[in-house]
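S.K.: Here is what each chain is made of, one letter per residue.
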Amino acid sequence: MASKVIQAIYNDDDILMSAVKRVKEAHHHIEEIYTPFPVHGLDKAMGLAPTRIAITSFMYGCVGITVAVLMMNFIMIEDWPQNIGGKPSFSFIENMPAFVPIMFEMTVFFAAHLMVITFYMRSKLWPFKKAENPDVRTTDDHFLMEVTLNNNEDELTRLLVDTGAVEVKVSEKH
Amino acid sequence: MASHYEAPIREPLVTGEKSYHDVTVDVAAPVEGRANKQWWIVFSIALVAFLWGLGCIIYTISTGIGVWGLNKTIGWAWDITNFVWWVGIGHAGTLISAVLLLFRQKWRMAVNRSAEAMTIFSVVQAGLFPIIHMGRPWLAYWVLPIPNQFGSLWVNFNSPLLWDVFAISTYLSVSLVFWWTGLLPDFAMLRDRAVKPFQKKIYSLLSFGWSGRAKDWQRFEEVSLVLAGLATPLVLSVHTIVSFDFATSVIPGWHSTIYPPYFVAGAIFSGFAMVLTLLIIMRKVSNLEAYITRVHIEYMNKVILLTGGIVSVAYITEFFIAWYSGSNYEDYTYLSIGAATGPYWWAFWALIICNFVVPQTLWIKKLRRNYMWSFICSIIINIGMWFERFDIIVINLSKGHLPSSWSMFSPTFVDVGIFLGTIGFFFVLFLLYARTFPVIAQAEVKTILKSSGERYKRLRDSGNSLVGTAADNRTSDIAEVTKETSSESIAIDAEKQAKLIAALGTFNEKEDKADDLKKIDGIGPVMEKTLNQIGIYTYEQVSRMSEKEYNLLDAITGKFPGRAQRDDWAGQAKNLIK
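Taken in sequence, the protein lines are chains A and B. Letter 30 of the first sequence, counting from 1, is numbered 29 in numbering that gives the first Met the number 0, and no numbers are missing. Letter 498 of the second sequence, counting from 1, is numbered 497 in numbering that gives the first Met the number 0, and no numbers are missing.
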């Protein structure tokens, strides 16, 4: 089904915020909003679900510390339990203080990098990815709201102009 | 954001009449313009220094470490001094972007991008030294625990030098993705402005197809916050681990439990000094005076003052403990009588003057708000912090436990040449960065523009709404829209008007006197006109407003919904009647 969207362009974040609230009140579905910078509270106003990316980071950190412990336990305690400068290599716990710096670093390494990779995958960002903002001004100082159309073009246009949109146009959904 | 409360005591962080578009233009200007003659001159000098350093590195590796001034007693000198110095400088970048983010410091926005760039470039310089100071650098990959054909011969995880490998590589890579992720929206801005196809292509590639969706921003902010939360302990741990190179040894003067926090404080101290050195020049050269203001300089100087104080306390502690320990060996070494009066007295006193005495001048407000003095002071601190590392390393090694192995150190031209080379390399990278990257995180500055911009503060203080004020008539035709709502009268819904007036009471033009409604916070001349048009002239009428009337008013004017209620016009009017 080829669906159409109506695109309203705003030139101020405060106007955008009140517009979002009014469009939501009128029970129209906001398809997407493109902004040049994070407008605080916009996700709440739009009703976006909170992101779970911090939770993934925690899990990746757990993986990191596990890898560090298993690696050092195998190498230092199980594979070659040597005497290096009188350090006790009989059990992991005895020589544990010397392993802490690397356990810590690997936790951070895994938590940070895997989370960033997750972010890039989820938000579909990678080199050679084509930009999808419908208007180039949305990375400068304009805010673009896309609302789904259901044969109510005139009504929606009137509403959007009323909310302070500086430009309203209908386009095919990409 | 219009409803955002900002204490009037706060100084503006963005000066001048800036709109969102102005921020874009100002940040893009150095990237879109051409480099001038001075840039080429400075770049050439840096490049020559870099190439000279590269020659020295190649000479060292091909001939042997013996070309340096090291001897049997002093096995670490300029190499590790420079390594710790560069790592320390890098720390301010992470501190600004991560710690200040956690503390919600808005002033970080204008400086974080360059500070992070400085981090990356100085950690790159630092990373050279662990490689080139090796006797057999071509076997450097043996530090990694890779399964191999020697029966799988592993590394020893007890050594702080191996911890360094993990710390520095984690630090560099995490800083890099943190920096890059923050750059995506700014590269996208450059991409969407680019006119030449080549530039468009490059910035499309660099921006990873960033489109600025609401969901992207939500994730972006969460990722930044979590990365800041991870980078903060990281930055503390990295310099801690670097300090372990010394603190875990048995050398008198090195074996000291104060090192981890003291090194970290010193790192922030020297790092902020380097940020100041660079930004004081950059704000002039790149015309960013409106974004990197006197307030930014002052705040950074305050951080320098704090960390310089911590470092000074650490010096005194070292002094005290060296005496208090009763150990004879401590007496000959770092920060004790032996260091102050021995053959390296000049290095010791250079440290005390540069790190202990000079930064104390920043207690004086006039001096810490002075660009010239901040610049001079920042350079002095960097010299002092180099001497701190040199003193710790060389003085302590020169007089160890056994008098028969006491020795002196003097560098050769290769030692000096490699150090100059890294400074050259640093500036080559930084100068290239300043011409191709958005040096200010414009997307972030735009989020604080309305709360901390000079123009918006003024508007807010005079009781005006900020709604619609950031629009720029160069990018959209707003002249028409504002004219329509300001000078011309608005079309009034008669039914709603009647309802509203019925609730508030009518104004009789012959008998009653109109009040100055502009005295109510939130009502400007335009709003007053509109209210008069509806039939509201007196405080009495306004004071009768309640939620229902506010909503009616909003429905009639169609402007600034909720504004009247938030500002409590009725309450204000009641006070004005008395």
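To be clear, the hints were calculated from the coordinates, so they are not data collected in a lab. Ideal Cβ positions, reconstructed from N, Cα and C, are used throughout, including at glycine. Fair warning: there could be bad hints in the mix.
[Stated by the list, open to error] Here are some, though not all, of the chain B residues that point toward chain A, as calculated from beta-carbon distances under 7 Å:
1. GLY325
2. THR446
3. THR474
S.K.: If a hint holds in the structure, say so; if it does not, say that too.
M.R.: Okay, the hints, checked on the actual structure:
1. GLY325: violated, 26 Å
2. THR446: holds, 5 Å
3. THR474: Status holds, d = 6 Å.
In this structure, only the earlier hint numbered 1 is contradicted, and the remaining ones agree with it.
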